[in-house]
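Asks: Here is what each chain is made of, one letter per residue.
Protein chains: 2
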Amino acid sequence: MSRFAPLPEPPYYAVIFTAQLSKDTQGYAAMAEKMGELAASQPGYLGIESTRDAGGLGITVSYWLDEAALTNWKAVSEHLYAQKMGREKWYEHYTLRVAKVERAYAGPKGR
Amino acid sequence: MSRFAPLPEPPYYAVIFTAQLSKDTQGYAAMAEKMGELAASQPGYLGIESTRDAGGLGITVSYWLDEAALTNWKAVSEHLYAQKMGREKWYEHYTLRVAKVERAYAGPKGR
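Quick mapping for you: the protein sequence lines, in order, are chains A and B. Under my numbering, the first residue of the first sequence carries the number 393, and numbering increases by one thereafter. Under my numbering, the first residue of the second sequence carries the number 393, and numbering increases by one thereafter.
Quick caveat, the hints were computed from the structure, so don't treat them as lab data. Every residue, glycine too, gets a C-beta built ideally from N, C-alpha and C. Take the hints with a grain of salt, since some may be wrong.
[To be verified] Straight-line C-alpha distance at most 27 Å; calculated DSS-like pairs for lysine-lysine:
#1 B:Lys466 with B:Lys476
#2 B:Lys492 with A:Lys466
#3 B:Lys492 with B:Lys426
#4 A:Lys476 with A:Lys426
#5 A:Lys481 with A:Lys415
#6 B:Lys481 with A:Lys492
#7 A:Lys492 with B:Lys466
#8 B:Lys476 with B:Lys492
#9 A:Lys415 with A:Lys476
[Stated by the list, open to error] Quick list of the computed label-pair ranges, beta carbon to beta carbon:
#10 B:Leu430 with A:Asn464: 34 to 44 Å
#11 B:Glu494 with A:Glu429: 26 to 36 Å
#12 B:Asp445 with A:Arg495: 38 to 48 Å
#13 B:Ala432 with A:Gly447: 18 to 28 Å
[To be verified] A short, non-exhaustive set of chain A residues, derived as facing chain B with CB atoms under 8 Å:
#14 Ile451
#15 Leu472
#16 Tyr486
#17 Ala496
Turn these sequences into a full structure, and let the hints steer you where they fit.
Replies: Structure representation (structure tokens):
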């Protein structure tokens with residue numbers, strides 16, 4: 393399975409979530425996998441890209457059709473529980489940015 | 393040094409660059425470091441967040457004040473050379489998305 397999200401025609405939304413894991417990551421991996429699957433089943437989901445280094449810094453960018461899709465996903469009850477666990481246990485620090493994608497392309501060209 | 397970018401007041405721009413390294417990464421690490429320093433010296437630079445896993449999938453998000461800052465950085469001559477090396481040698485695949493940040497926050501709250 394590709395680790396790249398599709399490239400639909402803009403505009404659409406990106407949620408850029410950067411997070412440093414804490415030392416207490418018990419239950420994190422299973423929850424992250426579950427949330428990935430749950431997100432993919434939501435209306436307006438376009439795709440996700442995610443990576444994390446050995447130091448525990450991860451960047452996950454999820455892509456969504458419109459504001460309604462973002463609002464829906466943020467409020468899904470199992471996701472609310474995961475957010476709470478993240479705040480209270482798994483994340484030492486995080487930033488979340490909502491951004492409207494204006495243009496996009498893939499490469500390398502000519503290969 | 394923090395691996396998180398600052399949170400200036402939106403709107404501003406995010407360049408979301410997701411890339412899978414190829415097997416030929418000779419010279420890549422040194423160039424990546426150099427480009428990070430060069431980007432930070434450009435007008436309109438706001439910050440950068442970057443991480444890569446052991447499989448070679450990296451996500452780098454750089455933040456910029458406005459379109460003029462993006463256009464300038466894309467055309468800096470040393471950066472053009474790095475882009476060419478990326479296309480021809482270092483990257484198996486990549487996507488680049490330009491997005492306008494509408495809102496942002498950090499957490500966890502209440503700690």
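Asks: Against each hint, give a clear statement of whether it holds in the structure.
Replies: Each hint tested on the structure:
The hinted pair formed by Lys466 (chain B) and Lys476 (chain B) meets the criterion: a straight-line CA distance of about 12 Å does not exceed 27 Å. For the hint linking Lys492 (chain B) to Lys466 (chain A), the alpha-carbon distance of about 20 Å falls within 27 Å, and the restraint holds. A C-alpha spacing of about 26 Å is found between Lys492 (chain B) and Lys426 (chain B), which places the hinted pair at or below 27 Å, so the restraint holds. For a cut-off of 27 Å, the pair hint linking Lys476 (chain A) to Lys426 (chain A) stands: about 15 Å separates their Cα positions.
Taking the CA atoms of Lys481 (chain A) and Lys415 (chain A), the gap is near 9 Å; set against the 27 Å cutoff, the hint holds. Simply put, Lys481 (chain B) and Lys492 (chain A) have alpha-carbon atoms about 31 Å apart, too far for the 27 Å limit, and the pair is violated. Of the supplied pair hints, the one linking Lys492 (chain A) and Lys466 (chain B) holds, its CA atoms being roughly 20 Å apart against a limit of 27 Å. Between the alpha carbons of Lys476 (chain B) and Lys492 (chain B) the distance comes to roughly 26 Å, so the proposed pair stays at or under 27 Å and holds.
Simply put, Lys415 (chain A) and Lys476 (chain A) have alpha-carbon atoms about 17 Å apart, close enough for the 27 Å limit, and the pair holds. In this structure the supplied range 34 to 44 Å holds for Leu430 (chain B) paired with Asn464 (chain A), their Cβ-Cβ distance being about 41 Å. With their beta carbons about 27 Å apart, Glu494 (chain B) and Glu429 (chain A) fall inside the hinted range of 26 to 36 Å. Checking the proposed 38 to 48 Å range against Asp445 (chain B) and Arg495 (chain A) shows it is violated: the Cβ atoms sit about 27 Å from each other.
Checked against the hint of 18 to 28 Å, the C-beta distance between Ala432 (chain B) and Gly447 (chain A) comes to roughly 20 Å, which is consistent with it. The restraint placing Ile451 (chain A) at the interface with chain B holds, with a minimum CB-CB distance near 4 Å, inside the 8 Å limit. For Leu472 (chain A), the interface hint is violated, since its Cβ never comes within 8 Å of a Cβ in chain B; the closest pair sits about 14 Å apart. Taking 8 Å as the C-beta cut-off, the interface hint given for Tyr486 (chain A) holds, the closest approach to chain B being about 5 Å.
The interface hint given for Ala496 (chain A) is met, as the beta carbon of that residue sits about 4 Å from the closest beta carbon of chain B, less than 8 Å.
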